[in-house]
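Q: Each chain is listed here by its residues.
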Amino acid sequence: MKEKNKILWKRIKQQKYLLLMVLPGMIWLLVFCYLPMYGCQIAFQNYRITDVLGTSDWAGLKWFAKFFQDPSFFQVMKNTLGISFLKLLFGFTAPIIFALLLNEIRNLKFKRVVQTLSYLPHFLSWVILGGIMITWLSDTGVINRVLIAMGVLDEGVSFLAKPQYFWGISVISEIWKELGWGAIIYLAAISGIDPSLYEAAEIDGANRFQKLWYITLPEISGTIAILFILQVGGIMGSNFDQIFVLHNALNDPASNVIDMFVYKIGIGNANYSYATAIGLFRSVISLLLLLIANKVTAKLEGSSLF
Amino acid sequence: MKKKLKKVKFFDVLNILIMLLICFVMIYPIWFVIVNSFSQGTEVLKGGIYWWPRAFCLENYAAVFKNKEIFTAFGITVLKTVAGTVTSVFFTAMVAYGLSKSYLVGRKFYMVFGIITMFFSGGLIPYFLLIKSLGMLDSFWVYIIPSLFSFYNAIIFMTFFRNIPQEMEESAKIDGANDFKIFLKIILPVSGPVIATIALFNGVGQWNDYFTGVIYITNEQWLTPIQTFLYKIISENSSTRIVANMPASVRNSMVTSTTIKYATMVVTTFPIVCVYPFLQKYFVQGIMVGSVKG
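Here the protein sequences line up with chains A and B, keeping their order.
When the first sequence is numbered by my numbering, its final residue is 306 and no position is left out of the sequence of numbers.
When the second sequence is numbered by my numbering, its final residue is 294 and no position is left out of the sequence of numbers.
Don't take every hint at face value.
[Unchecked claim] Computed cross-link-like contacts, SDA-like style, restricted to lysine to any residue with a CA-CA straight-line distance of at most 20 Å: (1) K232(B) / F65(B); (2) K10(A) / A177(B); (3) K232(B) / I226(A); (4) K109(A) / L279(B); (5) K109(A) / L187(A); (6) K13(A) / K173(B); (7) K101(B) / S171(B); (8) K211(A) / E104(A); (9) K108(B) / I7(A); (10) K108(B) / I27(A); (11) K109(A) / F24(B); (12) K13(A) / C33(A); (13) K132(B) / I7(A); (14) K173(B) / Q14(A); (15) K111(A) / E178(A); (16) K108(B) / C33(A); (17) K264(A) / F73(A); (18) K111(A) / L101(A); (19) K109(A) / L14(B); (20) K101(B) / Y17(A); (21) K211(A) / K9(B); (22) K62(A) / V31(A); (23) K10(A) / N178(B); (24) K16(A) / K185(B); (25) K108(B) / L30(A); (26) K66(B) / Q221(B); (27) K101(B) / Q166(B); (28) K16(A) / S102(B); (29) K2(A) / K13(A); (30) K4(A) / L104(B); (31) K173(B) / Y17(A).
Simulated from the structure, these hints should not be mistaken for lab results.
Using the sequences plus the hints, can you model the full thing?
A: Laid out in structure tokens, this is it:
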């Protein structure tokens, strides 16, 4: 035992510089990732802003019960899951379809130009994109002018002031921003496919669509699976950066997602314990969803995160 | 045979049309903002400026650059983007270099310690309270220290470092250099591509981040970055105030709160649009390396 300790000490001494380089990173993780996790205990306490962390009196599951009984609970869950589900359905598949279509373009120069332009919106912030959308979707905005000119509408509609349009706006604008960027990874996967597979298929007389269906798609299914797991893990999130910009008092019934609710309760009303409980609920469900998706795809597809 | 050829051709044409439409949808909104930002305020209010500026003028930009608030916000944004990116890239690379050595004592523990943080977080409120208790509310440090490290980026660095030939480090070791020196003098100079990738991810992230400014800057308004400033213009219509603050010589029919908004948006976006086509190759690399992780 003593001998073992001695060897360990020797190794530590030998790599002291390496260890000293790793240490700051671990301290950073401890402070900025693990301390907030430790801080989650206030979800089970009656925390007041003057309290020192860990000394507040315990409240059991009071805040969780409050959330489940909150009149907003149903609305918040419906908005979060609704927006996320639509984003999963359309936002997740759109880049795959785009990558497959782009891959069929034969002129390489044109292909490159399209690809480069397609991820321009990814590099713009949600403030810029949101600003454009708020202007365009207003009752005198571009969208209304076009719709009126086409005869679809008689008079301008203030789209962002009407809750019934919010989910659609949120999903479509996210596709707009991330379509090209999301496709990069699939295009990379496609370019990694062994060309002899296509040659063999051509000899067998397969046409383009058959090649796409029987070779390209199965070959990139592993990539699709991994990204699917990650997206499912984000279901409880529904992109706060975006919703925070597009949210307003009028569309609140449709845009009040969990993150928005946490923000309003925690930062707005300074009700820290309650907001933390809701946030913790969200984090735990997210983790569970990720693990479930990981298990399911591992079974079906053979691809998994861990 | 002929029929088949026709069908394929039809698909090709349709596909090209779809791609052109996508390109249009991606570029046009930005073009719209640009042409409106170069038009006179009263004309913009009348609307219908779609393809080319009407009553071309530069007064909107003059107003933006003369405005002290916007100018400061710009300075803060440039400063935090440069300082935040440099420190974060160096810090993350340093930690990642240590972690990339398979013989490191306790490596498995550090890895698990880091990976957990990629999938679980304490949430907004505990994080907010932490930042508050660290005294970083209304402080420039809030842009730098909390974004100093990212385990995800560390993994990208590690993947790269492991492919650097061992011989280079070994010969330096024989010459008596310690690991930190090796990292500085040998590893960093050959890591150009991965440094560029991470620096760009960080840089764009810093430049585009508005939420930090919304939530952590409450009293010291001069610390507001440009994106947060724009967020406030968009959500609270505070650009009216900017117009009201302008000298009477500028405050005429040429400039309105709407055109100020457009001009600020263009100025804010300009650096990114200039940079991204040249550097996209690094981004693509970065996303690839990140995906190899598994």
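Q: Are K109(A) and L14(B) close enough, with their CA atoms no more than 20 Å apart?
A: Holds, at about 18 Å.
Q: Please work out if K16(A) and K185(B) have their alpha carbons no farther apart than 20 Å.
A: holds, 18 Å
Q: Assess, step by step, whether the Cα of K109(A) is no farther than 20 Å from the Cα of L187(A), and give holds or violated.
A: holds, 15 Å
Q: Are the Cα atoms of K101(B) and Q166(B) separated by 20 Å or less?
A: Given pair K101(B), Q166(B) holds - Cα atoms ~11 Å apart, limit 20 Å.
Q: Mind checking the alpha carbons of K264(A) and F73(A) for me, to see if they're no more than 20 Å apart?
A: Satisfied, since the Cα-Cα distance of roughly 14 Å is no more than 20 Å.
Q: Holds or violated: K111(A) and E178(A), Cα atoms, limit 20 Å.
A: This hinted pair holds, its Cα atoms lying about 18 Å apart.
Q: Under the criterion that the straight-line Cα-Cα distance not exceed 20 Å, is the pair K211(A), K9(B) satisfied?
A: With Cα atoms ~17 Å apart, K211(A) and K9(B) stay inside 20 Å; holds.
Q: Are the Cα atoms of K232(B) and I226(A) separated by 20 Å or less?
A: With a Cα-Cα distance of about 37 Å, the restraint between K232(B) and I226(A) is violated, given a limit of 20 Å.
Q: Sort out whether Q221(B) lies within 20 Å of K66(B), counting only the CA atoms.
A: Holds, because 18 Å separates the two Cα atoms, which is no more than 20 Å.
Q: Taking 20 Å as the top limit, are the C-alpha atoms of K13(A) and C33(A) close enough?
A: violated, 29 Å
Q: Assess, step by step, whether the Cα of K132(B) is no farther than 20 Å from the Cα of I7(A), and give holds or violated.
A: Since the Cα atoms of K132(B) and I7(A) sit roughly 44 Å apart, the hinted pair is violated (cutoff 20 Å).
Q: Measure nothing beyond the straight line between the CA atoms of K13(A) and K173(B); if it is 20 Å or shorter, mark the hint as holding.
A: holds, 15 Å
Comparing the model with each earlier hint shows violations of hints 3, 12, 13 and 22; every other hint is respected.
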